[in-house]
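In order, the protein sequence lines correspond to chains P and G.
Per our numbering, residue 4 is the first one in the first sequence, and the count goes up by one each step.
Per our numbering, residue 1147 is the first one in the second sequence, and the count goes up by one each step.
Careful: at least some of the hints might be erroneous.
Calculated cross-link-like contacts (lysine-lysine; reagent style DSS-like; alpha-carbon spacing at most 27 Å) [as the list claims (entries may be wrong)]: (1) P:52 / P:299; (2) P:343 / G:1217; (3) P:322 / P:299; (4) G:1335 / P:30; (5) G:1291 / P:30; (6) G:1188 / P:203; (7) G:1335 / G:1259.
In short, the hints are calculated from the structure, not lab data.
Keep in mind that this is a model prediction, so the values were computed, not measured.
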Amino acid sequence: MIRTEEMLLNVGPQHPSTHGVFRIVLKIDGETIVEANPVIGYLHRGTEKLAENLQYTQIIPYTDRMDYLAAMTNNYVICHAVETMMNIEIPERADYLRVLVMELGRVASHLVWFGTYLLDIGAMSPFLYAFREREAIIGFLNEISGARLTFNYMRIGGVKWDAPEGWIEKVRDFVPYMREQLAGYHDLVTGNEIFLNRVKGIGFYSKEEALDYSLSGANLRCTGIAWDLRKDEPYSLYDRFTFDVPAFDSGDAWARYQCRMAEIEESLKIIEQAVEQFPETGEVIAKVPKIIKPPKGEAFVRIESPRGEIGCYIASEGKKEPYRLKFRRPSFYNLQILPKLLVGENISNLITILGGIDIVLGEVDG
Amino acid sequence: MVNDLLTSPAGWIHAAIFFGLGACLLMIVLGFVTYAILAERKVLGFMQLRPGPNRVGGRFGLLQTVADVLKLLIKEDTIPKAADKPLFILAPVLAFAPAFMVLAAIPFSNHLKFSDLSIGLLYYIAISGITTVGILMAGWASNNKYSLLGGMRSAAQMISYEIPLVISVVGVIMFSGSLNLTEIVEGQKTVAYMFLSPLGFIVFLISSIAELNRTPFDLPEAESELVAGYHVEYSGFRWAFFMLTEYVYLFAMAALTTVLFLGGWNPVPFLGCIPGIVWFALKFSLIVFFMIWVRGTMPRLRADQLMEFAWKVLLPVALLNIFVSAVVKELFLR
């Protein structure tokens, strides 16, 4: 018997595959992981505490910086919470614009995931292809909001800007183009034997475990539970569109990949329908008081972000600022299962599993 | 001329001539490395919707690599405090020297060759094995956990893939009846060995990519897992040496593939008017392009899958190839 020794390996916060400033301290035996301790908090900015001294409209830009890959959904969740408290009716056109930008954001976010995941696995090209399409989407969002990532687009009661002329047509033309590119991705990656070997059966967890760990989004749907708040608790206009909730049973990285790729297609369906139903005219923001003061009380809303269920809890004392604000940040919850999944895996699988969870550090650290 | 020199008795003048020729070869190879790196970046760029180098040296970035190398030369030479200093310094040299030594055995055309070893093929395989020691040494001497993992991976990988690589050329040796690379090329006058032993060719091509540590077998330096693998602590010109090793091996391996399987400088039928060296360059470029193409397409294998693939797939196929080659030789080449 050869005497072996366990080694402590520090992965991150500066590491190419931790997607930001995530750090994980591994105890390894050869290349096999014996124990994994994630360390988070390097990007903590205290959004929730800061919000206690800000007016509601001023909080919106802070939410952009949480999940910076899908800032529109974050914008929406805070607006939605305040609107629920104040019972504000949203003009139809504003609601359509919100759905459009959120779904475009979802496609962009999944594209970033697809690209970086393949980069983690070692394929370089898909990353650049995915970013070409993402660039187009960011162009649309830039045109409508004036920013490429931190949009600050939604307001309580509607959206800040109406769609510029020709914008809807451009988005309409984008849908078939994106479908074509998506078929290209499948040709390049989905059938690749090496890729399949890397993801199939890796990072498996069961339905029960997924529920126990409170996973959501594609991380839950990969176990076969078709739970999507857009379908199960429709908010905004999602009850007007027909789309499926893709779910796969195998519970591994391969199912999570298939899930996200299928979700891009579903989002495209929603965009297609929203563009068709888009009202010709109308207001983009409801009549809301100059200073927003939700009544005393509390509210919790949850919506489906690209990463899972994002929730927003507001406790109001009837003042301009919230008494307490809390976000349920899906990346943070989804990350909790990581140490359990890593035990007994090797370092290559660490990258596959971590990438498969799809975390955004801005959201994990809050 | 070279043939006369090779067969004539040794003397100081001959030594000087060979030294000059060696220096010439070094320049040619370095020139190749410079432009191979540029070509790789350009081709990958075209595949990946980006222009690649396009500033230094005109709009094709012709001097980009030169600028990169200059930058590496003037960089501060750092050696980590905890590193094993003598080994740390020795490792890049030990990795690089064999890469260059193997070139001596390769004939580039009928007239352009620097030696005529009767065991040319064996020499190549034996010498190239030394590089593994250099890489393992670099991984160990850096005293860094990532480089240690990278070094271990690469040692395991290079040793495992050397075996199918060697066995896959047995077919070629059987056809030509010689280990001399010139004779192997002469044996392909009528038909290239890649058609006679397609299995061997495929196994050889895959194993050679693995030997070169290139995608999809670039585990030793998997940048998304091990940051940079065995050379994570290296910087400046020592690091450049590792890169140089890699590209010189790319040169050598592509040349060897051309010699063994693509018929070296033998022309394609009916196009004999084009000189042999041009054919060699064409076939050689084809192999290099193929390797760049693979890099643009494939994801990376996992360490255990890599080993499994070498021992459970490539090795049996290579063994089968010996049998098939024997049958082919018996039936068609009598």
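Of all the hints given earlier, name the ones this structure violates by number, lowest first.
-> 2, 4 and 6
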